[in-house]
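This is what each chain is made of:
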Amino acid sequence: MNKAIIEVINLKKYFEVGDMVVQALKGVNLKIMKGEFVAIMGASGSGKSTMLNILGCLDKPTAGEYKLDGISVADLSRNQLAELRNEKLGFVFQSYNLLTRTSALENVELPLFYNDRIKSKERKERAIAALESVGLADRMHHMPNQLSGGQQQRVAIARSLVNDPVVILADEATGNLDTKTSYEIMELFQRLNSDKGKTIVFVTHEADIARLTSRNIIFRDGWVIKEQIVEDRLIASEMLKSLPVGEHEV
Amino acid sequence: MNYFNLLRIAKNALMRNKFRAFLTMLGIIIGVASVIAMLGIGQGSKKSIQDQVASMGSNMVFIMPGSQQRGGVMMGNSSSQSLKLADLDAIKQQCVNVSAVSPEVRTSGQVVFGNENWPTSIYGSNTEYLDIKKFGIESGRMFTDREITSLAKVCLIGKTIIEKILPKGMDPIGQTIRFKNIPMKVIGVLKEKGENSFGQDQDDLLIAPYTTVQRRFLAIDYIQGIFTSAISESKADAAIEEIQAVMRKQHKISKPEDDDFRVMSQSELIKTFTSVSDILTTLLGAIAGISLLVGGIGIMNIMYVSVTERTREIGLRMSIGGKGRDILMQFLIESTLLSVVGGVVGILFGYLISAVVGSMMGWPVVIMTQSVVVSFFVCSAIGIFFGWYPAKKASNLNPIDALRYE
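Protein chains in written order, with our numbering: chain A, 29 to 278; chain B, 76 to 481.
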């Protein structure tokens, strides 16, 4: 549990917008250990999304160092970054980003298509296992439009798990969901974190969601202004029980 | 990246949106099919005219009487009596490029059998006439030289006349019909030739010894035309010159302007008619070119739009580990599949349209290899390029920008 999965040292990211240079990250230092469930918080414009893009190897820093699972990312080419994403990272997006008209199973299989080492039989087995772990084994042949928002997000989580990543990066993963479904998704994340030891980095601006994680990192104006261990951590499954029971529950 | 995986990804992506795939292909199908069909129709009509004219004997050279002065009065062509049997013999003996010669005399009148009658024409000739004019005998026989000498009242009969005046099922051979009140014995039935390109029924005729027609029907001793066969189609022009020389000598004419005859060949007729259908083919070709252009623009549009609207998909694929070249290859494979399948379907459709139009008009189906190749490659190239180009742009995007693309 003491291995650093993510290590960021004095990381800077500048954007050029016309003649102006926007300093999105002004020198960030952070360290995320294996098995942590970290929330990155901050208002819009605080640099948290830029941070997530860099952590996700989707964007390169202007200066500073970023080590993912011991690999220094700054010097890698676009193709090497793509391989890194394929093997070490799992993404969960706010808007699910599932392929339409494509079964849940095929959506989950997708990352493995880009890995030559995995044969079609193993690909399918791993996708089914991932769907089982998010409780959707019985829906694997459903299309995204036949699934509820929560179910679609579960498919997306299964997709992020299928390549057995060292870290799952979630970008406002509950942002499009109602309270109850949000807690259900958070329960799943908590379970993946505690039972399977998955390292999860969760970007959110909702304080109550952040209280479900183990550590919060708060950004403002391109700096990390606060890091805190969540003292009174909430358990999503208990939160669910405390919700008032609606009449239209499915 | 393994190409088998890419092929599967591309196939899955196409199957995901069959309607879009179909619409994309439609542009290519229409482009290719219209070019092939248009040019096929043009060429088919040309070929059919050529075939029809050739079926009248493509190496046929014929001599018609020309205008003639008699005592200072210009006479019309048809009333001219300038052609004699002696001309025929001279051509036969002196022209090396001519293989068969027959006189022609003709008159029209009613043919009667029992209480049926029908207006038709009788053509008088010698025994070589059938070969020259590409008539065949279905049953019975041709008349003989002896029957020519003896002015025999025998004739060959065309299918149309049999239909019009003979009772159904009756064998015409041996029957006696009356033409202009003269009884004629049917000795042969002509093979059906159908209509010629001028819409004239080539089965509505009787053929009899020229002597019979000259003496018994017309009471003349001149002939109205001389039909010959050049030894081959390519020798037709040489035959014309020979015949002109012989005829001028026969008629003691020194200057070509004074000719009292005209020599024409079937191949000249072919040229006249095909020049008309060449214009038609050019016109259809131009229309086909425009449809190729319009089809091409259609392909461009739908390819460009469908790749652009999939920018988010591209972003997703890149974020889960797809490399730029994987994305590019996927789209290249997709657009190649669409273009090739569309092109092949287009060729089939083009062929089908040509065949349907051909069978309605009674034309042969002519598919020009150039039209197939050019239309297929133009459409495929447009399809592949406009699938590749936006995909290239999208694969160079930052994955984040592609994911956020609206």
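Derived by calculation from the structure, the hints in this document are not laboratory data.
Hints may contain errors.
Stretch by stretch, here's where chain B covers chain A in the computed footprint (C-beta under 8 Å, at least three residues) [unchecked claim]:
#1 82-89
#2 124-130
#3 137-146
#4 155-169
Here a beta-carbon is modelled for each residue, glycine too, at the ideal position from N, C-alpha and C.
Evaluated hints:
no. : hint    : result
1   : 82-89   : holds (count 3)
2   : 124-130 : holds (count 5)
3   : 137-146 : holds (count 6)
4   : 155-169 : violated (count 0)
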